[in-house]
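Chain A is fixed; fit chain B onto it per the hints.
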Amino acid sequence: MTTEAGSETEVKEKAEESAAQPDQSEKASEETKEVANAEGEEKEKEKEKEGKEGKGISRYLPTWLKKQKSQSQTSPTKEAPPTEEPVAKVTQEEEGPAPEVNGQAEEVEEKEEVKSEQVKEKEAESHSNTSADTEPAKEEKVDESTEKSPEETKKEATEGEGAEEEKKKEQEGEKEAKEGGGEEGQTSIFQSPLRLVRKNKMKLVVCHVTLLDGTDFSCEVEKRAKGQFLFFKVCEHLNLLEKDYFGLTYMDSHEEKCWLDPTKEIKRQIRSNNWQFAFNVKFYPPDPSLLTEDITRYLLCLQLREDVASGRLPCSFVTHALLGSYTLQAEFGDHEPDQPRPLDYIGQATFAPNQNKEMEEKILELHKSHRGMTPAQADAQFLENAKKLSMYGVDLHHAKDSEGVDIMLGVCANGLLVYKDRLRINRFAWPKILKISYKRNNFYIKIRPGETEQFESTVGFKLQNHRSAKRLWKVCVENHSFFRLNAPEPPTKARFLTLGSKFRYSGRTQAQTRLASSLIDRPAPNFERTSSKRISRSLDGAPVISITEATAENGREPHLELQSDSKVKEADLSPGDADAVPSQSPGCSGLPQSPLRVHGDNIYVRHSNLMLEDHDKTQEEVLKHQASISQLKRSFMEAPPPSPPQPNQWEKRLTSSPATSIRIQQQQVSLEEEIASVLFSRHSAAGFYSADETDCSVPEATLDAVICSASATVCSSSSSPQKLLISSTISAAEVVEPQTEAAPADNTISDTKEPAKTTEVEIEETVVVQEVSRVAKPGVVTVTAGLPAAEQETRKQEVRVVEEEVMLKEEVKPTKQESVSSESESEEEAEYHPNMPIAQIPEEKEEEEEQEEMKKKEEVEEDVSVPDAPSIPAEEETNRAEDDVKKIETEESTDDPMVTPDEAPNGVLPPEEGLAAPTLEKEEPKVNGEASLVEAEPRPQVICCSEPPVVKTEMVTISDTFAAQKTEIATKEVPIVHTETKTITYEAAQLDGNGDGEPGVLMTAQTITSESLCTTTTTHITKTLKGGLSETRIEKRIVITGDCDIDHDQALAQAIKEAKEQHPDMSVTRVVVHKETELADEED
Amino acid sequence: MAGLMAGFGHYTHAVVRGIPSSLAKEALRSCQAEVDVAKARREHDAYVEVLRTRLGLEVVELPADESLPDCVFVEDAAVVCGDTALITRPGAESRRRETEAMKGALKDLNLNIVEMTDENATLDGGDVLFTGREFFVGLSKRTNQRGAEILADAFKDYAVSTVPVLEGLHLKTFCSMGGPGLIVIGSSEPAQKTLKIMQQMSDHRYDKLTVPDDLAANCVYMNLPNKGHVLMHCTPEQYPESVKVFEKLKDHMLIPVSNLEKVKVDGGLTCCSMLINKKANN
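Chains as they are written, first to last, in numbering that gives the first Met the number 0: chain A, 0 to 1083; chain B, 0 to 281.
These aren't lab readings, by the way, just hints derived from the structure by calculation.
Because the structure is a prediction, the values reported are computed rather than measured.
Among the clues, some could well be false.
Said to hold, decoys possible - Keeping only pairs whose Cα atoms sit at most 27 Å apart, straight-line, the calculated DSS-like set for lysine-lysine is:
no., chain 1, residue 1, chain 2, residue 2
1, B, Lys102, A, Lys356
2, A, Lys361, B, Lys278
3, A, Lys419, B, Lys195
4, A, Lys356, B, Lys243
5, B, Lys195, A, Lys399
6, A, Lys256, A, Lys399
7, A, Lys419, B, Lys277
8, A, Lys387, B, Lys207
9, B, Lys277, A, Lys387
10, B, Lys243, B, Lys38
11, A, Lys419, A, Lys256
12, B, Lys278, A, Lys387
13, B, Lys195, A, Lys386
14, A, Lys419, B, Lys140
15, A, Lys386, A, Lys256
Okay, chain A solo, but in the shape it has when bound (with noise of 0.2 Å):
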């Protein structure tokens, strides 16, 4: 890893290195970060440690203190902290000014869950707040700090020894003693292959696994060490080779087990400090005896030993004294009957939940029959037997149907199942589905139509919760991959133009395992069949195995391929990509950049499709989905105590009011409470809370061009035939005169973002923050950075210090430097098409004829097709606004001194938008006066009618679980909606500005959704820059729902003129009106 200033997509740490000083080591600033971690209730001790080496806490604590902003937000649970008198104290100690720093962070922590994690960490967090608050106070040191870091950090590195030993001190108290030299002896455990090649200088964190047999099995870990570490340490001390079939769970904060992703941090996926992991299967062989060793099979023995025990794996009662006989003819050999030995065992081992005498007693019996069979054919005679097993290696997840009646949903080998009781009520075998989605706590799948249907049918399942909704999907997307797949699926962190997930299964898929353990050339390994101790104490229930949801964070080379991907798109993705779903869609990246306003109104079109997905839902789900959206915006507003007026809430945002930090926390808060209006949690929270590294790039120049689009959007009821919608864009623009920038304030801006390294929020997502400075020319500064909604404060501090910056430079040329990494995970909604491309296990039988052709279909199809979630899919929000951006083409300059960089501090961008962006163009000044046209009555200079402007739709949704059975009835009243689909666009008059091709950076993007009884009003705001200029775009739209005729010229007035009074500043430029209507029925 090499660092280099110039480079445009970096990586967070490499930023930081580089603005640090390029002399050092990166280790060295790797380091340093991780001393942070370890300072806090430590710091006297280092203190006396400074004091040795001649240096002065108050010396460092600039840089510390970013660097402890940095940890704090990788820090996955904050704490309030029991230690807040420290905090003061480094506070005081540190920064004379800011006294209300120490209220705010208190305010922050208040908020934040209380939870076991270490003191220091805490610590850092509070000291996070602290810093934040203060760097505008710390600005004025900033050349001072630049010409000091390298030192500094040298320094830090230095103090991060002694923090660490400190540490290690503190963590395992018997190497105390061996403190000095000791070092070297315990970072050589990782000298490992797996490991990349570090000094010794880490935090180490031991790591206690229980391994299948019941024993503990502990192992140092570094403190940053990925999963995978820790995975191949168990397998290494188990000897175990066939490992793709295992993997470590550990218990979450919600006391759920999860599965550690291997491509990620441990520290980031436990969320607390308990480093407590147990091994276990996690994709059962179908055929056990396909395996190549015996450890492997006495290994998954060991899991059903334990599954059939724990009731996991119900089996009957002659079956559970089978399991049993072989059980002890493995680990006892043949029954001796003046033994005993295994009688006494049999008495305390639990082979069965509801073990009695009777069964015991089956057991010897049955053992005296296995005379003569060796462990490992005792073994295999278990496996032969327990794969049978209905419930073999599925993992069930409890849910509801449409209807609402409890069922299970079971993923295994072949594909989903769904229980009802213990009653298989249907079955989707992995070839038969489509796209695997969830939203919110939604699950849906979309099933390929059968022989004698016409359509696709989505069925949808309701899960507790959302991280229930997204565990199912993780489960359901490896399972896929590994047993249907020849290769996992390669990485979507390159596709473009995603909101939700990239999650996507990293391992070998079984073919692939397969092959490898057949190329294994070892004699077989000698291993001891403990007598399973864990049995008689396995009891734990049935947990619900889950999955870490991905943080998108994969490391570090990852990140980087990533943002340079993006940068790639940015330049030259067309916008039809804002339409792809996550699966690999070829159509529809590859759609033609054709003339704008057509492409537009495409897209539109595409747009009336996906709302009607979402008029598929029956109306109680509508209803029901409105009910909790209601309920979701109550609780977000009344959750903290100051709440802000709603309806005014995308305008304040627009000023830089102060509320605006106290409101977004709100949201934060609201949201960690997983209450949150939808869209809001789609949109920003994509950037927020899953994004690891979101980012926004500020550019130096505070260019505020803004552009204003308001589109309203009104739609008549679903349930009513008629539809109709009407967007309304509104646009202004204003510039503001770039300004002389000095060359220094780049490394301001950059040490400013080095604290904001990562995050995550308690929501359970990794929220990474990134912040990039990049001095690509001399004169030339991009600040990226992507707030958390945790930090907001903290976040707003920096911005302004940044427009500060900013203020003082000159214009920018923003073609190269902006380096926009976002790598956005939903934490609300992603999507898996399990019939890829990819080359696929072949299917037998018809199912794969069908395969072939329904896989060129949904490629075609998936331009349209949307998850079906009952609100307004963020896609389909995000495209329009990409849409938009390409039209306008009209722009008003103005100057705002209201609107600067840190008016939407909450900004997010989802990475679409960002790459969406530097299409964007300048609009003319005159466009205000046209809007009032356009208000009045829509009329408009450019009339853009979709074409063909009535567009007949079909879509099917049949959301029954019960599928099966009803398959009858399903097909005689499949709800077919016939609708017409008018969209007219009209357009103020647009002058062909700059270059069209000229890109821009998306500064922030936001969107808000309020919701009252019938109507869904969608904000969406975006901020660019485009060459000098900053453009403000909103984007509002208004879906009416309603029962009654609406009129529609009215409704499209008032949502004009309400934009217009909201935002007299700006203008409107488009007006989209989208009619939906819906024909009679004309199902039989």
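Chain B only, in chain A's frame:
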């Protein structure tokens, strides 16, 4: 040592029951038809004779009960798999007491008896298709979800899937097992639909043998020592076209059995016996 799910079609015992005179008038039926009891008895005797002498099963013959006109159809009274017997709760009120004698007989055979006590549950054995790997339970006029759940509880090793019975009295009225992994199915649309659902619901693959007549699809498969695959099926007199299909099964010992009378009261070949394998699990 027979493991789990081994030996599909292995039977040692058969429980049958006599035909009461009341069958002619009182037995439930879906279409009105005159039943000649004497003829029916002759048919039934022939059927039992095949089991006993030709196939060598140990036949337990329960006496007919005049108060239970349908009692000859012993299949509905219980579901036996392995050494567990689930005593059902027949969907027809008039048939509930049929289980008493059956329970006694199964107890005598040392089976583990599981009773369906839930008042809300109904289950006819005729709605239960055991394929050797899993159960399909037809939800019909006689069998409900709860009954299926109890069955699933009784046979935990196996997947129990429910399928709708769109037409006909029972699931097995139009289908049955013709061998391991071979489902004999009628060609009517409802039958084919049901088969599709079963295939969709199953992790296992089944071959199908489609016979032109739905009722002909009800046949009795056994896998007997020294005899191999045995299939008792309809006679050419009754369903000539379907018999031609059966005759394509070259590996099977085909035994046409007349069922002209009992079919009038919705009785199929499977209905008339309860087959049990006592060797496998003790």
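**Asked** Any hints this thing doesn't respect? Which numbers, in order?
**Response** Numbers 4 and 7, in rising order.
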